[in-house]
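All chains, please: the whole structure from these sequences, using the hints.
If you read the sequences in order, they're chains A and B.
Mapping the first sequence onto our numbering, position 107 (from 1) lands on 107, and the numbers just tick up by one.
Mapping the second sequence onto our numbering, position 61 (from 1) lands on 61, and the numbers just tick up by one.
Since the hints were made in silico from the structure, they are not lab data.
Wrong hints could be hidden among the right ones.
[Claimed, not checked] Each pair of labels, with its calculated beta carbon distance range: (1) B:L20 with A:I71: 35 to 45 Å; (2) B:E157 with A:A174: 34 to 44 Å; (3) A:I71 with B:E94: 14 to 24 Å; (4) A:T294 with B:E157: 44 to 54 Å.
All values derive from a computational prediction rather than experimental measurement.
We treat Cβ as the ideally placed atom computed from N, Cα and C, and that holds for glycine.
If you want the building blocks of each chain, they are given just below.
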Amino acid sequence: MTTSTGTAAFTVSGLTKRFGDVTAVNDISFEVKQGELFGFLGPNGAGKTTTINMLTGLARLDAGTINIGGINCTSNPKAAQHLVGVVPDESNLYPELTGFDNLCFCAALYGIRKGEREKRARQLLDTFGLSDAAGRKFQGYSKGMKRKLTFAAGIIHQPPILFLDEPTTGIDVASARQVRQIMADLHKQGTTVFLTTHYIEEAERLCERIAFIVNGKIVRIDRTENLLKPVQGKNMLLLTVSDSGEDHVGSLASEFPYYTFDSIIEGQIRVQSEDTIVIGPLVRLMEDRGIQVTEARRHRPSLEDIFVEVTGLEAGFMQKDKERPMGGGNR
Amino acid sequence: MRRWTAFWAIIVKDLRAYYLKPPNISWGIIFPLAWTGMFFIRSGSGLDSILNLLPGVMTISILFGTTSMLSVTITFERRNSSFDRLLLAPISLELLMLAKTSGAILFGIVNAFVPVIIAAFLADLSGILWYLLIPAIILIGIASTFLGLFIAVSVSEVFEAQTFSNFFRFPMIFLCGLFFPIMSLPIFVRWLSFVFPVTYGVDILHGAVTGDHLMNYALSFSLLGVFCIGLFLLSLRNIRQRWIA
Chain A
1 MTTSTGTAAF
11 TVSGLTKRFG
21 DVTAVNDISF
31 EVKQGELFGF
41 LGPNGAGKTT
51 TINMLTGLAR
61 LDAGTINIGG
71 INCTSNPKAA
81 QHLVGVVPDE
91 SNLYPELTGF
101 DNLCFCAALY
111 GIRKGEREKR
121 ARQLLDTFGL
131 SDAAGRKFQG
141 YSKGMKRKLT
151 FAAGIIHQPP
161 ILFLDEPTTG
171 IDVASARQVR
181 QIMADLHKQG
191 TTVFLTTHYI
201 EEAERLCERI
211 AFIVNGKIVR
221 IDRTENLLKP
231 VQGKNMLLLT
241 VSDSGEDHVG
251 SLASEFPYYT
261 FDSIIEGQIR
271 VQSEDTIVIG
281 PLVRLMEDRG
291 IQVTEARRHR
301 PSLEDIFVEV
311 TGLEAGFMQK
321 DKERPMGGGN
331 R
Chain B
1 MRRWTAFWAI
11 IVKDLRAYYL
21 KPPNISWGII
31 FPLAWTGMFF
41 IRSGSGLDSI
51 LNLLPGVMTI
61 SILFGTTSML
71 SVTITFERRN
81 SSFDRLLLAP
91 ISLELLMLAK
101 TSGAILFGIV
111 NAFVPVIIAA
121 FLADLSGILW
131 YLLIPAIILI
141 GIASTFLGLF
151 IAVSVSEVFE
161 AQTFSNFFRF
171 PMIFLCGLFF
181 PIMSLPIFVR
191 WLSFVFPVTY
201 GVDILHGAVT
211 GDHLMNYALS
221 FSLLGVFCIG
231 LFLLSLRNIR
241 QRWIA
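In structure tokens, the structure reads:
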């Protein structure tokens, strides 16, 4: 999985962006290494897109410095634009042009000659399974096709650094899997990928390092395996109960001192242990006390649990107002 | 070389996606025809009036053609975020905006020659000073386009751009000497005529077609040039402040 080198692809320091009284990005600093697949994980409105906009020259910084590929872009954001590709969170190609013409136009913006851009456009249409729709106007594409063509447009000039802003949001399961596969392939080929997503599972599967961003601040940044260490080897059981759940955490902990209990979501009790959790006695005790247990589900601890612990946000908050297409995606 | 590939690609894309569409081609033909017909009938002085009407009709064709198109090619693209794709390209903002406006300038110039072609069948154009007329048309095209650019980057919605454009366009028809001599305007509004770049272009056109002009040609050309540069720089400043915020 790891193809990153020790050299920095880009570094940001003290990056800050304000919109009136709101500080969208608040003094963040990090470095992404060459060839690394770096995840930027946070809920909607956390500052992910604003960060990408500053990195790519679409937004001015209020404070901080940006260095991309050894070029100081702080005062001249255009200086390193030839090194980066961007796949924005919304498809923004030209509705009047065909898929093929859109890709050729995007290649021409980077100075690629006609013969070469047509060759690359055909290759990418093939890679993304869009060859049959090459001659159709972009406005007639489905949402998934639009996202895929937008992705292709972002990589047609073969940038060494790629910014992906929520590339799988709102698309069907098959398209999302294909996009994830392409991300993984690009990473294998040595492209530095900066991926913003609110799909925790996607970040866990793909990224070598992850930063959690909440309310414009990075609250944790580490290698994915380091982030997962606290939950590795742990067993977890989720009990859905008829009332709030939180009221019973204390009494359960005194009865079962070898388990850890908490209730982050209303009506749900989370039980954790290094050893196997025996469900029967737990449920019996609760029912004896008049608490109705409607569901007991074993849960594989994941990055989601770490995210909840670190940020204090419920994982469900991440999917607010967005579709969730995750469905057994592969890499 | 690379940047010129991008420059040319933007012009060709805009021509294909916007300017060479049947509605715009018909607009470019019908609009000047309608204005020519309207003023021709209104003047009631027969075919002799064609040459007097020609500078105004040419200017109005350029003015409406360029400003209308920019609200689509700039404001609409900004609205649906496809303009961001251009801002991400490794070319300077100056070159990018020149590419985005070149299509409109060409469209305006072509529109200007529609009434000239019609007039060629109805009047004797042998007395026209083409060496003045052609550069004047080009400069009016550039100034109108940059005025349209200034409007397009000052608003967020296409309908706002259209409304804001009319705020400039319609007063210009009456104030800039297109069909009514500036000296016949009430004295308290006459100064307004000289605020608009079109006034200087129309004056050159009148001089080139009929020989009547108010100002020195060199002064008119220079002031038109200053307006072009000023409007372009103001638009770039607005883009940097509003769109790369």
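Do the hints match the structure? See the list:
For B:L20 and A:I71, the Cβ-Cβ distance of about 39 Å falls inside the hinted range of 35 to 45 Å, so the restraint holds. The given range of 34 to 44 Å is respected by B:E157 and A:A174, whose C-beta atoms sit roughly 36 Å from each other. At roughly 20 Å, the beta carbons of A:I71 and B:E94 sit within the given window of 14 to 24 Å. At about 51 Å, the CB distance of A:T294 to B:E157 agrees with the hint of 44 to 54 Å.
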